[in-house]
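Chain residues, written in single-letter form:
Protein chains: 2
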Amino acid sequence: MTGNIVSGYKKLLEKTKNIVALNSATAILHWDMETKMPPRGIKLRSLQLAMLRRIGHQMSTDHQIGLLLEEIMKHPEYGSMDTVQKRNLYLIKKHYDEQTKLPEELVVETSKQEAITIDTWKKAKAAKNFAKFKPELEKLFKLKKKEAEILMEVKETATPYDAMIDIYEPKMTTEATNKIFKELREGLLALLRKCETAPKQPNPSILKRPLATETQRKIGNLLADFIGYDTTSTTSGGRIDETEHPFTTGYYDDVRITTHYYPKMFASSIFSTLHEGGHAIYEQNLKQEWMFQPVGEASSMGIHESQSRFVENIVGRSHEFWTYFLPKLKMLTGNMLYDVELNDFVHAINMVTPSKIRIEADEVTYGLHIIIRFTLERDLFAEKVTIDELPQVWNEKYLEYLAVTVENDSEGMMQDTHWASGYFGYFPAYALGNIYSGQLVAKLDEDIVDWKEQITGGNFRAIKEWMIKNVHSRGNLYNPSDLIKIITGKELSVDPYLSYLNNKYSRLYGF
Amino acid sequence: MTGNIVSGYKKLLEKTKNIVALNSATAILHWDMETKMPPRGIKLRSLQLAMLRRIGHQMSTDHQIGLLLEEIMKHPEYGSMDTVQKRNLYLIKKHYDEQTKLPEELVVETSKQEAITIDTWKKAKAAKNFAKFKPELEKLFKLKKKEAEILMEVKETATPYDAMIDIYEPKMTTEATNKIFKELREGLLALLRKCETAPKQPNPSILKRPLATETQRKIGNLLADFIGYDTTSTTSGGRIDETEHPFTTGYYDDVRITTHYYPKMFASSIFSTLHEGGHAIYEQNLKQEWMFQPVGEASSMGIHESQSRFVENIVGRSHEFWTYFLPKLKMLTGNMLYDVELNDFVHAINMVTPSKIRIEADEVTYGLHIIIRFTLERDLFAEKVTIDELPQVWNEKYLEYLAVTVENDSEGMMQDTHWASGYFGYFPAYALGNIYSGQLVAKLDEDIVDWKEQITGGNFRAIKEWMIKNVHSRGNLYNPSDLIKIITGKELSVDPYLSYLNNKYSRLYGF
Numbered sequence: 000m001t002g003n004i005v006s007g008y009k010k011l012l013e014k015t016k017n018i019v020a021l022n023s024a025t026a027i028l029h030w031d032m033e034t035k036m037p038p039r040g041i042k043l044r045s046l047q048l049a050m051l052r053r054i055g056h057q058m059s060t061d062h063q064i065g066l067l068l069e070e071i072m073k074h075p076e077y078g079s080m081d082t083v084q085k086r087n088l089y090l091i092k093k094h095y096d097e098q099t100k101l102p103e104e105l106v107v108e109t110s111k112q113e114a115i116t117i118d119t120w121k122k123a124k125a126a127k128n129f130a131k132f133k134p135e136l137e138k139l140f141k142l143k144k145k146e147a148e149i150l151m152e153v154k155e156t157a158t159p160y161d162a163m164i165d166i167y168e169p170k171m172t173t174e175a176t177n178k179i180f181k182e183l184r185e186g187l188l189a190l191l192r193k194c195e196t197a198p199k200q201p202n203p204s205i206l207k208r209p210l211a212t213e214t215q216r217k218i219g220n221l222l223a224d225f226i227g228y229d230t231t232s233t234t235s236g237g238r239i240d241e242t243e244h245p246f247t248t249g250y251y252d253d254v255r256i257t258t259h260y261y262p263k264m265f266a267s268s269i270f271s272t273l274h275e276g277g278h279a280i281y282e283q284n285l286k287q288e289w290m291f292q293p294v295g296e297a298s299s300m301g302i303h304e305s306q307s308r309f310v311e312n313i314v315g316r317s318h319e320f321w322t323y324f325l326p327k328l329k330m331l332t333g334n335m336l337y338d339v340e341l342n343d344f345v346h347a348i349n350m351v352t353p354s355k356i357r358i359e360a361d362e363v364t365y366g367l368h369i370i371i372r373f374t375l376e377r378d379l380f381a382e383k384v385t386i387d388e389l390p391q392v393w394n395e396k397y398l399e400y401l402a403v404t405v406e407n408d409s410e411g412m413m414q415d416t417h418w419a420s421g422y423f424g425y426f427p428a429y430a431l432g433n434i435y436s437g438q439l440v441a442k443l444d445e446d447i448v449d450w451k452e453q454i455t456g457g458n459f460r461a462i463k464e465w466m467i468k469n470v471h472s473r474g475n476l477y478n479p480s481d482l483i484k485i486i487t488g489k490e491l492s493v494d495p496y497l498s499y500l501n502n503k504y505s506r507l508y509g510f
Numbered sequence: 000m001t002g003n004i005v006s007g008y009k010k011l012l013e014k015t016k017n018i019v020a021l022n023s024a025t026a027i028l029h030w031d032m033e034t035k036m037p038p039r040g041i042k043l044r045s046l047q048l049a050m051l052r053r054i055g056h057q058m059s060t061d062h063q064i065g066l067l068l069e070e071i072m073k074h075p076e077y078g079s080m081d082t083v084q085k086r087n088l089y090l091i092k093k094h095y096d097e098q099t100k101l102p103e104e105l106v107v108e109t110s111k112q113e114a115i116t117i118d119t120w121k122k123a124k125a126a127k128n129f130a131k132f133k134p135e136l137e138k139l140f141k142l143k144k145k146e147a148e149i150l151m152e153v154k155e156t157a158t159p160y161d162a163m164i165d166i167y168e169p170k171m172t173t174e175a176t177n178k179i180f181k182e183l184r185e186g187l188l189a190l191l192r193k194c195e196t197a198p199k200q201p202n203p204s205i206l207k208r209p210l211a212t213e214t215q216r217k218i219g220n221l222l223a224d225f226i227g228y229d230t231t232s233t234t235s236g237g238r239i240d241e242t243e244h245p246f247t248t249g250y251y252d253d254v255r256i257t258t259h260y261y262p263k264m265f266a267s268s269i270f271s272t273l274h275e276g277g278h279a280i281y282e283q284n285l286k287q288e289w290m291f292q293p294v295g296e297a298s299s300m301g302i303h304e305s306q307s308r309f310v311e312n313i314v315g316r317s318h319e320f321w322t323y324f325l326p327k328l329k330m331l332t333g334n335m336l337y338d339v340e341l342n343d344f345v346h347a348i349n350m351v352t353p354s355k356i357r358i359e360a361d362e363v364t365y366g367l368h369i370i371i372r373f374t375l376e377r378d379l380f381a382e383k384v385t386i387d388e389l390p391q392v393w394n395e396k397y398l399e400y401l402a403v404t405v406e407n408d409s410e411g412m413m414q415d416t417h418w419a420s421g422y423f424g425y426f427p428a429y430a431l432g433n434i435y436s437g438q439l440v441a442k443l444d445e446d447i448v449d450w451k452e453q454i455t456g457g458n459f460r461a462i463k464e465w466m467i468k469n470v471h472s473r474g475n476l477y478n479p480s481d482l483i484k485i486i487t488g489k490e491l492s493v494d495p496y497l498s499y500l501n502n503k504y505s506r507l508y509g510f
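One line per chain: the protein sequences are A and B, in this order.
Counting in numbering that gives the first Met the number 0, the first sequence runs from 0 upward without gaps.
Counting in numbering that gives the first Met the number 0, the second sequence runs from 0 upward without gaps.
In case anyone wonders, no lab produced these hints; they're calculated from the structure.
A hint or two may mislead.
Since the list gives no way to pick one copy over another, a pair counts as held whenever it fits inside one copy or between any two copies.
As the list claims (entries may be wrong) - Here are the simulated lysine-lysine pairs, DSSO-like style, with alpha carbons at most 30 angstroms apart:
id	residue 1	residue 2
1	Lys35	Lys122
2	Lys503	Lys329
3	Lys9	Lys42
4	Lys111	Lys14
5	Lys42	Lys93
The structure displayed is predicted, hence computed values, not measured ones.
With the sequences and hints as input, model every part of the structure.
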């Protein structure tokens with residue numbers, strides 16, 4: 000390639016690097032807002048975030064980027080660029096095209112409204128008062144709707160909601176999601192019925208034995224160590240803090256997770272630590288040489304969830320893992336679990352029971368929580384339902400799908416932070432992540448036949464290396480559906496995940 | 000005033016607001032780097048900070064600012080603008096003129112080098128290895144020297160070092176500092192000799208009784224409450240974290256301090272909490288309506304230190320305060336201090352003893368530590384001493400002024416973070432702060448005659464209100480020397496501070 004195209008490409012990457020660095024700095028301010036910021040700081044913070052969003056938008060829409068892209072893509076030597084370079088160019092162009100269509104004022108306005116809506120949501124949730132939340136959510140939804148309509152044009156999606164999904168799960172559509180969620184729903188409902196009517200039922204009371212936060216913290220550090228997410232050494236690239244809603248944030252050498260410690264639900268911090276730890280090791284094991292390049296990011300939120308839910312559930316709730324870890328847990332908790340048998344413990348942490356709260360849901364009902372949210376978002380953007388009607392429709396769906404009665408909106412449609420944060424279109428990624436994880440595990444079964452025995456032996460290393468090689472280190476080189484196909488050789492399919500669930504739960508429940 | 004000048008002024012303030020918001024966001028990233036960041040994050044963080052510095056520099060040198068300033072200042076109605084508006088314009092112009100003269104590459108390069116130098120300093124200090132620190136400090140000094148030479152031209156100061164002082168203490172000069180530090184030094188040395196030869200000597204061993212970190216933390220929260228620095232309520236605008244070197248950072252509604260807890264030096268966290276708390280309440284009580292305006296910032300670092308050292312020493316080490324607080328401390332610490340008499344305690348926390356470490360120094364020797372640093376900085380910029388020679392010259396000065404022998408550079412010239420952070424010219428502000436605090440207290444004595452009795456009664460409120468009215472709420476409306484003159488009616492003078500010290504220590508030491 001001649002100097003011309005190489006230097007243009009370098010210039011583009013330099014501009015991208017600044018955008019990525021800015022975003023990673025903004026992420027720290029978000030993390031701080033959720034974990035450390037004094038309460039009175041909220042107004043100043045939302046102003047800072049809006050300003051950084053404005054700067055980010057200006058950097059992303061820099062006219063120079065457009066000129067450089069055109070120059071490179073029309074260059075006679077464009078064809079001889081390699082896959083990574085072409086993918087970078089594709090991703091830079093996609094981002095540039097989308098951002099230039101979004102007016103700066105809309106972007107800044109949305110950022111400001113998000114901060115207000117999150118703050119209002121927290122207060123409204125604490126007060127179980129949807130009326131307080133409603134006007135701010137309506138304002139935010141209006142802005143997000145406008146964004147969706149603009150992005151629909153650029154992304155050439157069928158509907159505005161498709162454009163929202165595409166933000167988190169590139170190339171995924173409402174239609175495809177409808178189809179696969181239908182299969183998922185049927186599979187899950189059938190399995191749920193089997194579990195509910197099985198003669199063998201778990202005893203969850205052992206999970207309610209009280210455990211001090213300090214001990215839970217120690218357990219969390221051990222679990223992080225197990226998956227190779229170092230949070231304590233002098234060369235650590237991670238840390239664990241406490242928030243009501245656990246999350247992961249960060250980039251390469253600084254990736255942070257949060258969890259919550261409930262003294263009377265010690266399993267909650269165990270599984271949220273494993274879940275977020277699964278996200279964290281994905282971010283930490285992106286290819287080092289791709290840092291600050293578009294290919295050096297995760298492929299999608301669905302692929303991210305495949306990693307977190309693999310670590311949390313497929314590994315973290317397995318008989319094999321607890322064969323290894325229960326003795327350690329018993330030691331760490333003193334006398335608390337002295338009388339608990341391995342099988343009873345594993346059944347308890349996998350108890351299938353329809354519930355109201357998504358983040359505490361078991362693997363079988365989890366997908367149903369997601370499908371409800373997907374349905375509502377879809378209908379919201381299609382104007383078949385209004386923000387005002389959300390609580391009622393939510394409660395009806397919960398009764399229909401899960402046969403539970405929602406008593407108040409704080410345990411209903413206000414339970415999650417996503418809508419308050421403007422993350423419309425994100426929810427499908429959770430269920431897609433489960434589906435992807437099923438496909439990945441089917442392939443892992445072939446490649447490392449004794450991976451379960453390795454876990455029994457307390458060894459996560461080879462499994463992690465497999466994930467790094469197949470998923471993490473590939474970054475954003477492929478769209479999620481392509482990535483899955485490249486790794487497994489198969490198209491998106493719900494079957495492996497349903498068959499994993501059926502195998503696991505038939506053994507647990509004895510049907 | 001016509002719309003023209005008003006709208007131009009508004010536009011200028013809007014631009015300033017963005018710069019201030021960016022700086023306050025950057026401050027959070029610095030805070031995070033010192034308190035929470037996983038160790039491996041340092042490279043990414045220094046890149047983020049350099050990029051924000053670049054953006055900040057671009058915003059500060061926006062050509063539009065220059066045009067607006069010219070338009071307004073040449074406007075026939077300029078004369079009818081009020082004091083606040085004129086001061087804002089003066090400060091905006093000063094900042095703009097200075098920043099436009101500093102090349103962007105120098106600013107960014109300096110930011111990157113600062114991050115590296117701080118990191119190297121930490122490691123070198125731990126390893127007691129100046130040779131490791133030296134090359135990075137030399138690189139940083141070279142950049143700061145260049146900055147000083149450029150700023151000298153714009154600020155029209157006599158020397159490059161004067162330009163550095165002016166950053167932290169506007170309009171203060173090397174010449175004036177030489178003069179007042181000479182008086183200070185003589186006063187302090189005379190007082191030191193009296194204390195050393197006095198028959199009545201304190202028993203500092205009571206301060207070495209071990210005290211758990213958790214208890215020290217509780218004491219810190221109580222002290223913060225006493226001065227009205229709320230760090231615990233749901234409407235709090237502050238927080239206390241832990242770092243080796245305590246500091247304060249933040250802006251209006253989000254002002255954070257750090258302290259350190261040494262189990263065998265419990266007084267250390269008490270006084271660093273009071274010191275930083277003094278800084279914090281200054282920032283928190285700037286005039287709300289001036290937020291994001293140049294006048295809505297502290298007047299200078301010297302005035303800042305006058306506040307922190309007033310709270311730490313004049314209040315926090317007074318007989319009056321401990322009359323009130325010692326019983327509380329005794330209660331909080333169980334049996335630890337059961338046998339300690341008030342007078343003995345107050346004498347112990349005011350023990351005058353030449354030492355090697357500035358931040359643990361008493362009020363009498365503290366100024367000497369500063370004068371040594373000032374002398375070295377001054378000579379460094381005048382090329383009378385090199386970075387290479389610093390440790391040796393440092394050790395000689397410590398022997399000369401304080402008669403102490405520095406064993407290694409970690410307790411010598413590497414003890415402070417300032418030079419590693421690029422804060423050349425900052426040190427004089429500490430001693431000037433003491434001098435200002437002396438003048439302020441002389442006036443406080445006139446205005447609130449019973450202020451000491453109020454402290455004995457556990458009441459800091461009226462004193463704080465006096466400081467808010469006279470100092471905090473005036474923000475950056477005046478340069479420090481003007482501010483002191485407006486409040487006290489007097490020119491800068493070392494006498495009130497020396498007389499405060501002589502009164503206090505003659506009573507303590509009985510001479």
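Okay, the hints, checked on the actual structure:
no.: 1; hint: Lys35 - Lys122; verdict: both (18 angstroms within a copy, 27 angstroms between copies)
no.: 2; hint: Lys503 - Lys329; verdict: within (24 angstroms within a copy, 60 angstroms between copies)
no.: 3; hint: Lys9 - Lys42; verdict: between (39 angstroms within a copy, 21 angstroms between copies)
no.: 4; hint: Lys111 - Lys14; verdict: both (25 angstroms within a copy, 18 angstroms between copies)
no.: 5; hint: Lys42 - Lys93; verdict: between (33 angstroms within a copy, 29 angstroms between copies)
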